[in-house]
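As a plain string of letters, each chain reads:
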Amino acid sequence: MTRQSTFRAAAAGLALVASLLAVASPLVRAQDEPRVIVITAKRFEFSPNQITLAKGETVKLQIKSEDVTHGLFVRPLGIDTDIVPGRVTELTVTPDTAGTYRAICDHFCGAGHGGMKMTIVVRE
Amino acid sequence: MKKDLDRRRFLKIAGTSMGVGALYTVWPSLGRSAEAAELARRLGAKTGERPTPFTFAQLSDAHVGFDGPIGTRALEKAVATINGLPRRPDLVLFTGDLTHDTEKPGEHAARMSLFKEISGRLQVAKVYHVPGEHDAGLDGGELFRSVFGPTSYSFDHRGVHFIALDNVSRAKPEVGAEQRAWLAKDLSRFHPTTPIVVFTHRPLFDLRPDWEWFTSDGDDVMNLLAPYENLTILYGHIHREDHHTIGHAQHFAARSLCFAFPDPDKVEDKKAIPFDKDQPFKNLGLHVIDRTTGSAAHADAVRVQEVELAMNEFSGTEGFNQVLKPATF
Chain A
1 MTRQSTFRAA AAGLALVASL LAVASPLVRA QDEPRVIVIT AKRFEFSPNQ ITLAKGETVK
61 LQIKSEDVTH GLFVRPLGID TDIVPGRVTE LTVTPDTAGT YRAICDHFCG AGHGGMKMTI
121 VVRE
Chain B
1 MKKDLDRRRF LKIAGTSMGV GALYTVWPSL GRSAEAAELA RRLGAKTGER PTPFTFAQLS
61 DAHVGFDGPI GTRALEKAVA TINGLPRRPD LVLFTGDLTH DTEKPGEHAA RMSLFKEISG
121 RLQVAKVYHV PGEHDAGLDG GELFRSVFGP TSYSFDHRGV HFIALDNVSR AKPEVGAEQR
181 AWLAKDLSRF HPTTPIVVFT HRPLFDLRPD WEWFTSDGDD VMNLLAPYEN LTILYGHIHR
241 EDHHTIGHAQ HFAARSLCFA FPDPDKVEDK KAIPFDKDQP FKNLGLHVID RTTGSAAHAD
301 AVRVQEVELA MNEFSGTEGF NQVLKPATF
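In the order they appear, the protein sequences are chains A and B. Mapping the first sequence onto our numbering, position 115 (from 1) lands on 115, and the numbers just tick up by one. Mapping the second sequence onto our numbering, position 211 (from 1) lands on 211, and the numbers just tick up by one.
Just so you know, not all the hints are guaranteed correct.
[To be verified] With a straight-line Cα cutoff of 20 Å, these simulated EDC-like cross-link-like pairs (lysine to aspartate or glutamate) come out:
(1) B:270 to A:45
(2) A:117 to B:268
(3) A:42 to B:210
(4) B:271 to A:45
(5) A:117 to B:210
(6) B:126 to B:103
(7) A:42 to B:103
(8) A:117 to B:206
(9) A:42 to B:139
(10) A:64 to A:90
(11) A:42 to A:96
(12) A:117 to B:269
(13) B:104 to A:67
Think of the hints as simulated: they come from the structure by calculation, not from any bench.
One chain only, chain A, in its complex shape (with noise of 0.2 Å):
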């Protein structure tokens, strides 16, 4: 076999394992990445304003500004980071505690700021 035989033998054998990637990856994707839920922050509320997730469930919270620098904060969920516009903030949380949480943007936003807040739902 020369060096160039070997070489297309490489290739094909790399494209039949990317397309059974192709084929099989879309179920991997569903079983393995977490839920994706958007929150969107603004002068002075959360969109939306309540989320619900489940007890040991792995969820990623994308999150965004419209206008100035928020925060997010929920101490019993281990939240605590700051939204700056212009970007999205990525958490990644697993509640392992059934409740109501209120969440609370800690980075001062103007006169509506101490009414800042959402509902995070974990259930069993």
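With the hints as your guide, set chain B onto chain A.
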């Protein structure tokens, strides 16, 4: 044993505590006995400044500019009450939210000027301030510093070391590494028995984190302060009186001069207590105590008018029982 009892007695605090803050009398009995004079001498030798009796007051959360029914009346009344005291305090400490924020050009500066004009009527030797998030959260403290100077600093007064801490200017509820390093250096020259008063805006412990009643690096700050046995923390932000003892530290919150929040242990949502037009100063009003008899004698003496008056034997003064504890003599 008798000596210990005597010491405890002469260290007892005289306190006229006002709900808008508290008037503290420090070292009330020093000089009245040979033992007290000896304690003062020994404390002075340890701290570099011999303690002598004095009083100071804490006021908080005036929110000048807030669109509410009280306006600046409670602030003006507090100033008038302090000026009317038979013995005026040496110092007045304002623990933040002097103003309510606004983004209307020039308006926040006008509110800060109005606060300064009203508080400038205080006829006391010295007035100190720390910012609240409504003063400094949007501009990193730039306006506050232009009017009042640094947002964190320290000073000594008659044997007590006072420390102003800023836990709002970073927009988040935090003191920050740079200020903590400054605090560690500031504390390093003091003996563990030195009476220390920290005044700041937000609580330095987790009082109710989901109401933003906490400081994220409060534990780090308190670890720096932990070696000091006579430690009092005064703060505002929560618009209600509160007292917690954590380790050596006594944490006290003063009422607001604007509106009141409810007991966080009794309600889920942080909503201001509704205004009562028949009792406009309810939950804001002056709170006066008589250290010895619980009678209204001192209340009459300060001539509190149109202000809720509550008698409470110990409110606002337990910290100074702790401050004055001669821990390691």
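Would you pick out the hints that fail for this structure and give their numbers low to high?
Numbers 6 and 11, in rising order.
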